[in-house]
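Please build the complete structure, drawing on both the sequences and the hints.
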Amino acid sequence: MTDEKIEERITRLAFDGDALRFREFVAKLKAGLPAGTGVALRGSVVTNKRWENGQPFDSDGRGSSDLDVTLIGAKVMEFWNADAYYIPGLHTKPLCDEDPMVAPALNSLREELQKLAGRPVNFQATANFILYSRDVLFDEPYYTVIEAEKVS
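Numbering (the working numbering), first residue to last: 1 to 152.
To be clear, the hints were calculated from the coordinates, so they are not data collected in a lab.
Be careful, since some hints might not be right.
Taking CB as the label site, the calculated pair distances span [as the list claims (entries may be wrong)]:
(1) Gly54 <-> Ala82: 34 to 40 Å
(2) Pro104 <-> Asp18: 27 to 33 Å
(3) Lys150 <-> Gly17: 31 to 37 Å
(4) Asn81 <-> Gly17: 35 to 41 Å
(5) Glu7 <-> Lys93: 24 to 30 Å
(6) Asp60 <-> Pro141: 21 to 27 Å
(7) Pro34 <-> Lys93: 25 to 31 Å
Keep in mind the model is a prediction, meaning the values are calculated, not measured.
The beta-carbon is built from N, C-alpha and C at its ideal position, and this holds for glycine as well.
Below is the structure:
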């Protein structure tokens with residue numbers, strides 16, 4: 001599937017086909033995150049299939065599926081508490097409604113995005129190679145909405 005088709009799917013599934021709302025979502029991410037942070041969407045909004053049961057996105061009703069937003073880069077990982085990592089310095093626990101204090105400085109942005117999207121939004125920060133590895137090794141595809149800046 002082409003990037004254009006994936007973006008159309010994301011817009012249709014998560015934003016009721018409203019491309020302007022999707023662009024506003026991406027713009028708010030870019031404005032609210034440290035410069036150079038990459039952003040990718042993962043999960044059923046990309047595949048239209050939940051990993052745990054194979055059901056389609058929003059199969060339990062509009063707004064029932066969440067948006068898994070992966071933040072890429074070392075700067076953004078500094079927002080997570082030291083004990084909020086699965087792999088220290090490389091892969092964080094999710095910032096979500098159930099655990100808003102793992103990265104409290106980012107929670108207001110996450111909540112603002114939830115209101116815009118009309119559904120739960122979760123943030124997780126990771127190193128680029130972890131994201132790539134999950135795609136290749138575990139068949140967990142993602143769609144990049146903001147490219148991470150290269151670190152020299």
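Look at the Cβ atoms of Pro104 and Asp18 and judge whether their distance stays inside 27 to 33 Å. holds, 30 Å
Taking the beta carbons of Asn81 and Gly17, is their distance inside 35 to 41 Å? Given a distance of about 37 Å, which is inside 35 to 41 Å, the answer is holds.
Between Lys150 and Gly17, does the C-beta distance stay in 31 to 37 Å? Holds, since Lys150 and Gly17 (Cβ atoms, about 34 Å apart) stay within the stated range.
Do Asp60 and Pro141 keep their Cβ atoms within the hinted range of 21 to 27 Å? About 22 Å separates the Cβ atoms of Asp60 and Pro141, which means 21 to 27 Å holds.
With 25 to 31 Å as the target window, see if Pro34 and Lys93 comply at their CB atoms. Roughly 19 Å apart at Cβ, these two residues miss the hinted range, so it is violated.
So does Glu7 sit 24 to 30 Å from Lys93, Cβ to Cβ? Hint holds: Cβ distance 28 Å, inside 24 to 30 Å.
Using the C-beta atoms of Gly54 and Ala82, is the stated range 34 to 40 Å upheld? Taking Cβ atoms as reference, Gly54 and Ala82 lie about 37 Å apart, which means the hint holds.
When held up to the earlier numbered hints, the structure conflicts with hint 7 and nothing else.
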